[in-house]
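Q: Sequence:
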Amino acid sequence: MKPSIHEQTLIRTMITWDLPGNDVEVIGSWDNWRCRRKLNNFQQYIVLELMPGVYQYNYIVDGVITHNPHIPAMSFENGVACNVLVVVPENSEENVDFLDELDRQERPPSPDSSYGNEFPGEQFYQKPPPEVPSQLLHPHLVIDRENADGTSTSGPHYVLLNHLLLGGAQASDQSARALGLISKVESKVVSFSGYYRRTESDPPSILSCSTPRSK
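If you read the sequence shown in my numbering, its first letter stands for residue 1, the second for the next number, and so on.
Wrong hints could be hidden among the right ones.
[Claimed, not checked] Mimicking SDA-like on lysine to any residue, the simulated pairs with C-alpha atoms at most 20 Å apart in a straight line are:
1) Lys184 / Arg197
2) Lys184 / Gly194
3) Lys38 / Pro20
4) Lys184 / Tyr196
5) Lys38 / Arg12
6) Lys38 / Ile65
7) Lys38 / Phe76
8) Lys38 / Thr16
9) Lys38 / Thr9
10) Lys38 / Ser75
11) Lys38 / Glu77
12) Lys38 / Glu49
13) Lys38 / Gly79
14) Lys127 / Asp112
15) Lys38 / Val88
16) Lys38 / Met14
17) Lys38 / Gln56
18) Lys38 / Gly63
Treat the hints as calculated values from the structure; they're not laboratory data.
All of these numbers come straight from a predicted model, not from anything done at the bench.
Let's have the full structure, built from the sequences with the hints guiding it.
A: Structure, rendered in structure tokens:
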């Protein structure tokens with residue numbers, strides 16, 4: 001059985017401070033914010049031995065608690081910010097296991113202050129819409145197609161992935177509209193196309209699509 005994150009060996013981790021300040025200390029979640037640790041006065045660094053994991057910490061610069069805005073950081077709901085430190089195992093196999101376990105852990109939610117319920121002002125609607133990439137103007141859902149010169153083009157452009165393509169009415173049946181979608185699952189590209197009966201409330205045609213060949 002492989003050791004869990006908490007059973008792995010300690011990793012030597014360096015924390016530095018390159019902003020103004022004379023007396024610099026760090027305090028962090030590695031010991032539940034209990035002890036201040038002083039940085040080397042000359043080169044402003046400290047080496048800690050920590051278990052692999054994610055830690056939050058602050059600097060205390062000349063008696064004032066602060067953080068370094070130039071390295072990874074996060075903010076709490078009360079507006080207090082702290083830096084974030086990710087300690088990764090040195091062994092490559094343990095490194096992969098650690099990152100997999102880290103991805104499964106619950107990430108901290110966004111602070112409530114980052115959300116709002118205000119309606120957009122007039123300036124919001126005065127901005128022109130973003131330009132559509134040229135690849136979306138005439139998309140093809142065909143995964144493998146033969147060009148005019150006999151060469152074969154394999155795979156759609158990445159811009160087409162995860163877009164719902166809405167086609168116009170078909171010449172043979174003005175009441176039908178086409179839908180298309182291209183997505184990627186691991187190394188495989190999956191395309192879907194279909195038709196549905198249009199109604200008066202349908203939006204105007206914005207994109208055209210072609211029917212893919214079965215794979």
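Q: Check each numbered hint against the structure and report the violated ones by number, ascending.
A: Violated hints (numbers, rising): 1, 4, 7, 9, 10, 11, 13, 14, 15; every other hint is consistent with the structure.
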